[in-house]
Amino acid sequence: MKVKTFAHGIHPPELKDFTAEKAIESLPPPEKVMIPLLQHFGKPAKPLVQKGDQVHLGQKIGERQTLFSASVHSSVSGKVISVDNYNHPGGNPIPAVSITNDGQDLPFSDKEETKNPFSFSPEEIRQKVKEAGVVGLGGAAFPTAVKLSPPKDKPIETIIINGCECEPLLTSDYRLMLEAPEDILKGAELARIATGAKRIIVGIEDNKKKAFEIFQDKIQNFAGEVALLKTKYPQGAEKNLIYALLRREVPTGGLPFDVGVVVQNVGTAKAIWEAVSKGKPLYERVISVSGQGIMEPKNLLVRIGTPFKNVVEFCGGLKEDADILVMGGPMMGIVQWSLDVPVVKGTSGILAWAAPRPSLEYPCIRCGRCVENCPMTLVPTQLARYVKFDDLTAAEKWGVLDCVECGCCQYICPSKIPLVHWMRVGKNRIITLKQKKSA
Amino acid sequence: MTNNTFILQSSPHFKDKDSVPKIMYAVIASLAPVVAASLYFFRFKALALLLSCIAACLVTEALFLWLRKKPLHSLRDGSAVITGILLAMTLPPSLSLELAIIGAVVATAIGKQVFGGLGYNIFNPALVGRAFLQTAFPVAMTTWIPPATLKIQTATFATPLGNLRFQDAIAEGTLTPLKDLFIGNVGGCLGETSAFVLILGGLFLLSRRVIDWRIPLGILLSLTAFTGAFWLANPEKYASPLFHILAGGLLIGAFFMATDMVTSPITPLGTWIYALGIGIVIGLIRLFGGFAEGVMYSILFMNAFVPLLNRYTRPRILGERSKG
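In order, the protein sequence lines correspond to chains A and B. If you use the numbering used here, the first sequence corresponds to residues 382 to 820, in order. If you use the numbering used here, the second sequence corresponds to residues 58 to 381, in order.
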């Protein structure tokens, strides 16, 4: 079988051996959960409960306020103790609903879905996905219902199921592919029905051969195929994945819709299946707890709102020298200053390790490695220079807004220039300026 | 257990181990066989010139860092040492040490530091130093002695290219054999005589991905095409492309000078244009110019276009619609 791929990209150490062979365990629900009302883009959800309320497992506690947002649900049954700002892994305090767990896990609704899930209409599927607060579980947490609602003039041909998991250390998607391949494929089939797509392609990197073989077997019952992709970062980045599989380029500033594609992460596909077939809201997810700084790395099924502290303690705690704590992957994840932050829907991993001695920043020596490795074929060093000298017009012209912040340029930079930081600064300034202009 | 304090930084949190000093020291390592060959062929002369150039570059660099109130640790990045070695390797063995030191000071001061130091210079510093010497002291810079291995004593001696250009070597039948060019048993600058060691060092740099393969390849291709066309048309008058590749400063230029990261383009297309341009200009100078050799001026000439090339050869962004 031919291995597919895209041009450029890098090969960071994979380090998946910590957890690749470890089956998913359930983390016992904590005594208290803090569920942020904002776990995605947009505005915080409107709280539907107040202090003192009794809530059930899976009960909706926050209603989404904008289209590009999602509702949130309780991950335990118990009593609401506060609705107030709380630490958020994104960095800024965000309103959160704190609930003490009564340990009963009393379900909010016990009506079992009796209808065959595959007989639902596209609108019904979207509705159920929306109600369940499903968002992309790959990390960006984009509301899934939006992704399942292509505009009428953009017919969808292909559903791509993203099983790349190209970030180092993370293995939660891999474990899901081994342990729940059918749920993933059923979720993909529902996404196919919802978008009117013709086929499903599951893309898996060739360092996950076992998952690839399982899917090759299971895909027989579905309208689709499995494709093997070269192990390379960022193979799972949406635009690069689409190019690798279909040789189609998502136009600048556009969406996969524009080339007839919808991409869903494997975990999201499973969540779609559970939302539609069982009416189960997204109140738990699988995460990898890994890195050299974690005593006993594991893959865990964790309730949303569980403090990092509980998760890490369940894994034997942190090693003494661990001084980097990351939510997500090592390439795109966000560092945490404290273990007192809750797991959110976008938490794909909790990683810790001992940071190497920081290296000196040198002037750019024009080696061109950032250009050679940028998966978007940008010129990162030039963009960084434009942003640094506040030439935003040039930065925009040279495509700073196309930067996906994958981090390849900064990974490879021998001068250790914080290139991604400058991209973010540039994007932020340009977007702020535009908002001011239109206001 | 939660006594750990955490470092805050923005992603990515993994970084490649390669660094500017590591790149510089790889270049120095790759120059080891070249330096060894120069010591073998030119003995004590080579050693004295090499050490004076390195020392003068380091001292000038230190002085400018101090004047510019920059941290002195940049001395350790290895770039000044490279300039020193490269300059020495492009000097005639008979040059006096004073002139070599002047060249090294100009290379570091005018070639590099006045632009803002490492990363900001437009022209290859070693070649700036050499070009200065060539212009200011043209006789000293074109007086050659035979390598010690030839065991002959003459006051003057022609380089293979000088022989070709000014002494009608093809008609006279005195064109230097390719074998001698390959081994390095010929007259010329300290480090340019042995094609064999230059290829060795170049392959090391290519294997470590320190230099862009497009540059040596592009230079070789365009020089071969240019000189080959004339050679095919009139082999009685023009030397073969292989002669042009092995003779003079072509290989040291193609592997060690033109590939200087700072002064070569960062875009793939720009790099091709730059490299092909160098090869053509070398051919033009060697065949029709006033000098026997043209590597130095052609690299400096194309260095000048690098900012322009970078600007006009931006790669197409993934998903960007092509114009028109």
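Keep in mind that the hints are not guaranteed to be accurate.
Said to hold, decoys possible - No farther apart than 30 Å at their CA atoms in a straight line, the calculated lysine-lysine pairs in the DSSO-like style are these:
(1) B/Lys72 x A/Lys808
(2) A/Lys797 x B/Lys126
(3) B/Lys236 x A/Lys769
Because the hints were derived from the structure by calculation, they are not lab data.
Comparing the hints with the structure gives:
{"no.": "1", "hint": "B/Lys72 x A/Lys808", "verdict": "holds, 23 Å"}
{"no.": "2", "hint": "A/Lys797 x B/Lys126", "verdict": "holds, 22 Å"}
{"no.": "3", "hint": "B/Lys236 x A/Lys769", "verdict": "violated, 53 Å"}
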